[in-house]
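Those protein sequences? They're chains A, B, C and D, same order as listed.
For the first sequence, position 97 (counting from the first letter as 1) is numbered 97 according to my numbering, and the numbering increases by one without interruption.
Going from the second sequence to my numbering is simple: count from 1 and add 372.
Going from the third sequence to my numbering is simple: count from 1 and add 744.
Going from the fourth sequence to my numbering is simple: count from 1 and add 1157.
A portion of the hints provided could be inaccurate.
As the list claims (entries may be wrong) - Here are the simulated PhoX-like cross-link-like pairs (lysine-lysine), alpha carbons at most 25 Å apart as the crow flies:
{"no.": "1", "chain 1": "D", "residue 1": "Lys-1358", "chain 2": "C", "residue 2": "Lys-1032"}
{"no.": "2", "chain 1": "D", "residue 1": "Lys-1294", "chain 2": "D", "residue 2": "Lys-1323"}
{"no.": "3", "chain 1": "C", "residue 1": "Lys-1040", "chain 2": "D", "residue 2": "Lys-1358"}
{"no.": "4", "chain 1": "D", "residue 1": "Lys-1445", "chain 2": "C", "residue 2": "Lys-1040"}
{"no.": "5", "chain 1": "D", "residue 1": "Lys-1358", "chain 2": "B", "residue 2": "Lys-628"}
No lab work stands behind these hints, which were simulated from the structure alone.
So you can see what is in the structure, the chains are spelled out below.
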Amino acid sequence: MSDGHSTDGMDLNALRDGVRTVLSEQASHEKVAAFTNAEGVRDQPLWSQAAELGWLALFADEAHGGLGLGPSELAVIYEELGRAVAPLPVLGTMLVVEALARGGDADQQAAWIPRLAAGELAGAVSMLAPGAPAPTLTLSTGPGSGVVLDGVVENLLDGAAADVLLLLAREGEGLRWVLVEPAVDGVTVEKAATVDRTRHLGVARFERVVLPAGRVLTGDADEIAQALLHHAALALASDARGGANAIFEITLDYLKTREQFGKPIGSFQALKHRCADHKIALVASGVLVAEAVAKAASGDSAAGRYALAAKALASEVYARVAQDAVQLHGGIGYTWEHPCHLYLKRAKLNEQLFGGPAAYLDGVTDLLLAAA
Amino acid sequence: MSDGHSTDGMDLNALRDGVRTVLSEQASHEKVAAFTNAEGVRDQPLWSQAAELGWLALFADEAHGGLGLGPSELAVIYEELGRAVAPLPVLGTMLVVEALARGGDADQQAAWIPRLAAGELAGAVSMLAPGAPAPTLTLSTGPGSGVVLDGVVENLLDGAAADVLLLLAREGEGLRWVLVEPAVDGVTVEKAATVDRTRHLGVARFERVVLPAGRVLTGDADEIAQALLHHAALALASDARGGANAIFEITLDYLKTREQFGKPIGSFQALKHRCADHKIALVASGVLVAEAVAKAASGDSAAGRYALAAKALASEVYARVAQDAVQLHGGIGYTWEHPCHLYLKRAKLNEQLFGGPAAYLDGVTDLLLAAA
Amino acid sequence: MSVQTATNPSTATRRFDPLARKDDLDAFRAEVRAWLEAVVPADWRARMTGASEADYVAFQRWWFAEMGKVGLATPHWPRDWGGADIGIRHQVIIFEEIARAQAPNPDMFVISLYHLPATLFGNGSKTQRDRYLTGVKERGEVWCQGFSEPGSGSDLASLRTRAERKGDVYVVNGQKVWSSYGAFADYCLLLARTDPTAPKKQAGISYFILNMKAPGVTVRPIRQATGQAEFCEIFLDNVEIPVSDLIGEENAGWAIAQSTLSAERGLIIFELSERMARTLDADLADAKRTDAAWLKDDEARRAFTRAYNDMVALRLMIRALMQEIETDPHMGSTTMPTYIKVHFSELLRRYTEFRLKLGGLSGQLRQPIILGGGHQTGNAMHDFLLSYAWTISGGANEILKTMIAERALGLPR
Amino acid sequence: MSVQTATNPSTATRRFDPLARKDDLDAFRAEVRAWLEAVVPADWRARMTGASEADYVAFQRWWFAEMGKVGLATPHWPRDWGGADIGIRHQVIIFEEIARAQAPNPDMFVISLYHLPATLFGNGSKTQRDRYLTGVKERGEVWCQGFSEPGSGSDLASLRTRAERKGDVYVVNGQKVWSSYGAFADYCLLLARTDPTAPKKQAGISYFILNMKAPGVTVRPIRQATGQAEFCEIFLDNVEIPVSDLIGEENAGWAIAQSTLSAERGLIIFELSERMARTLDADLADAKRTDAAWLKDDEARRAFTRAYNDMVALRLMIRALMQEIETDPHMGSTTMPTYIKVHFSELLRRYTEFRLKLGGLSGQLRQPIILGGGHQTGNAMHDFLLSYAWTISGGANEILKTMIAERALGLPR
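Between the sequences and the hints, there should be enough to build the whole structure, so can you do that?
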């Protein structure tokens, strides 16, 4: 992921440079802070820019207006967004594309993918997690050929920013993925604010919401869920990788310039050793994330386990580095003005999104045991 | 435990000073090393000295030739033995005394306690642990009024040094404590060498061993077991406290004198911070051990929980400090000649004796939950 | 909000006087408990959840006044200076009962109650003690601390705020930072440099009482990672401090500042540790009642029990310190306060993070906090973030660890 | 013990030549595997369990010779110097297959195989390379390292062993320590001070080849915490080293020593990490087969999986390094070897301690170890203790962390 070209031949370094340049302007720490202070749900200028630059089209196939690229390119986007702590609901949108590509029929793909790839629609999906219980949302047959949704879905990542929701619902004994627009009658979506203000969670309520049958994905719900979980795991691992490296660099810069006792505090050995520990952890988790991305890109049979392992390790390292960054900065790192807390809060939310650390470790163990 | 007088009025500091002075000579690191190199099971000169000085008589009651003192005094002995990494099977012997005092009848007490208190007999007891399964040793009615023992008992601490074994056996659905002398027909006791050579484990085998009925303790076996477990936990916690402080002091001395890069290595900040962390952990676990001893001495209803908590914390801190001591010493701390490894090995064995770290933590949680 | 009407009706009907029952510990405890039951508004946590700053400040003042009415605001002060000279056993009871009653933290008065007396007892003039201790006790005057500066954090002795003697006043110029509740403070414990030429930088510092209403004092709140803003910057522009408000000798401020800081590592943590104990017990009882999933997770359950054992050890360390203080009130010789501060702050970090993790995604939701709730605000993330205040301020743990290594362990500089 | 008769009968019936199949990776792997199946005695671990030193040394020599017969002792050496110039993909296969076959570690030849060539390739004379690399390859000569001294551990550059030029020889006096297998070594890579007046202590050090049989060389084994004694002290009393055995220029030894040390952080850990991977897989498979209790203990199970993830990351770091080396064989620019060494050694400590804890009391029993078993000797405590060799030697982790902070992260000295 970090170097060279993806298998499809895209120059990943050029992509990374391009994305980073845009974000350093459009999602500078000042702009991110302004967005978070305004308590928005979607940074519309940034979203439009991302759409314009084709970031949202990377992953969709060419038949539907996309670039047909894969996990390697997407990981660059996720990592750079993490590095900038940028408020951009790319993950939910790409998950909808992924679900449609895997489990949608031709009509569904044609109806939705182009609009998602163009950035006309932002998406949000049910919060999956390794070993999570079944959803309470129910799908039943409705008037005519339609279906009816009832229930509540919590924890929709960036849900209040979404134009389309992709939700896992129970239909009798089975599970189904359903596409719903929040604008439809009987649907309400509320923002549940998180401490990390670069993102939020949404709560969607459905009261006898009637939808055409064509909103139900025909693919196997479990297979789709697994693919989405792995995609989300890789995305969050990449976000963590980018964020951890960024806050670590910010911290190193501070340690080199802040003077106490007549010298830069970075010259104190105890701090040096902590930084060395962080660096090694960043390298170790970095190569694991890169390999997980490479395995996803090549369709390796162990890709799922690597994705779960990468999320477990990278989000833990991100939290550790961001937590120590505040301590290493001292008072200034504890202020609202300083970006430290943006990273710390994003790191702590990352740890919990799409399942917490224990769930990921247990997921890895299960896969290892199955193969042992 | 650390200061002042016990409730019975003994001057604990004087006791401590006395024990430490004797051990600094009779159980110097050189003597301990010589004992471990010789692979002995009992340091007879040291044992005789301990008996002569009345250490083994501290805990027995006055009616049976003891001094009638309690946990506070005993903890001083255990802590000092730990400090010296001394090879002395006091714990097993005291556990037999404790069991007899709690669950023996008058004849049993009169027959055994004076000899244990005088150091004529060393004892060893079944290895208990929080939540451990029932023993496999069986007790059945034998010829005449006697009983018959059959089976194998592993993990007898200092078992091959013992003159009398106190064993938990199954009798039908119930449990019983039985006293056996290894010299009896049908009993074999073998030493199972541990990496920590200051102690060992014993394996005792019983083939239709016929004993008089008077060898079975009449007291409630579970109550005795619980008392012994708490006694052992406190003893090991005290041993850990003494050992951890000793190896830490040895390490500090080394850091103050060993020079590299033109200055004492103790002047390097990263090492300073590790030492400060160790010191704080030593203080924290130290006060917990002291309080556990005080609660045992006063018969507090929470004494059992404190004993388990003290063992969990103190043995973990001992292991951590001893492990880092080797690293802080560098090469020299990794040699057989240096005492570091004696402490490290004793610390690692302490962690496992009478149950491992997880069993102790779970034992504490159970007691907390019961009270919650 | 009218805080007065919020008190329970019973307050009016009975006068409480725990200190009159000092000689009988059980009776003392019963009286403290009865008073707390009568006076602590049952709904204060709900009312202070997301309350406005003005309501919060009013509530703090009301609570401080209530404590003062029964002599429990300043019971730890010496009798001569308006306290009740109570010893450790009474203090334990007060803190235990306060924790049990989940009474508000008098956060705004921490400097007034602990740092100010620790500073004045040994070093203040009689006039200063009479004036300022009485001010706290009788008029609820709020104090803040003016030690750190933007360029002087860990290296406090490098501070650059300048005080120049001109006749009967010192003229002060400079900038202070991280002063809790500076925006509401009446006075400030101020360190400033009086001799810039002193060969050792510690030797040129003096200790002043600064009237926050004096001309030239400007206060700017700093918003913290928690979103709150009780920390402030203080700008000093030709502020005049009367010579009578110099504490101790000129240029002798550094040593006095150490007694101020040591206060932070004693009674304040004592109260917090009692509250922490209460929290852990409550968390476990809740888990038992709801048959919480984490009790069946060996890793989470053992993390809890490890924290519990550490908490028990913390309380024992504090009791050991209190015993030392009873023997020797000047506690300059003991290193225990430093061990306690590091141990407490790291445990606080670990436990608040544990709770945050247990909360899963719910723990990530932004929720209004209970102002005055200390580290139990009902918001796991807020409590977690707030734990940094303890690892960074009052001597960052890094500084304290070096101090332990050099002073207590004798490792070479 | 007769090691020769211990080989499997099939060895005699077929000649293996994996290197001839270099161009087809699958065929290469199959041949390596077939060779290992034929040559590794099925019972070697049992035979080496608690074996005598003499038997162990004989077994090591036999194994090294067997590896040499098929070109797999020195395949990583350049072709010009007697190797096969194989690249990373072949090396991966060899190590994977060796780990899979649980073949013996050629512990006694580590310096001969890695440190010696890393030193001579860039800095040795052609004569030195011809003589000494051939000696290793064809006569199984054993090398040891003479760097550390009792007074120079972390601070290697302060070494005091003195070499004085007298005509055609250097006369060497001093003492070295921690030389693995010094008692069996034919030669030693020796650092000694040739210019005690150099202003920078690094600048006065030269690098020599020391014949361990030379008069004046005395070796004393040091017993380690594990009970074994492969480390030695070397006493040098007026030992004469011919000028032709100086490596590189006089006083240029320090820089050359860095290439020696970097060897330690590359291929050696590569092989060990493959074995570690095998151990973790085997431990998990065992646990699954026996339905081990620790699989149901959330804390223990997650500790395993964390270690597993760290192990996977370690292997990826090593692969990244191998790729760097293929691009730039001089790897002086990369910091990856240092990250790898610290990460590996800390993981090794953590995992060996994990296994020790799982063992409960059984893990505490003294058991004869498998000599040549590397870190999988069948004795959890031994493996745990042996992990210190990796955190302390070859640059203690403390030294490496400072190096990372200053050189890779640019933190000020």
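* Structure-inconsistent hints, enumerated in ascending order -> 1, 2, 3
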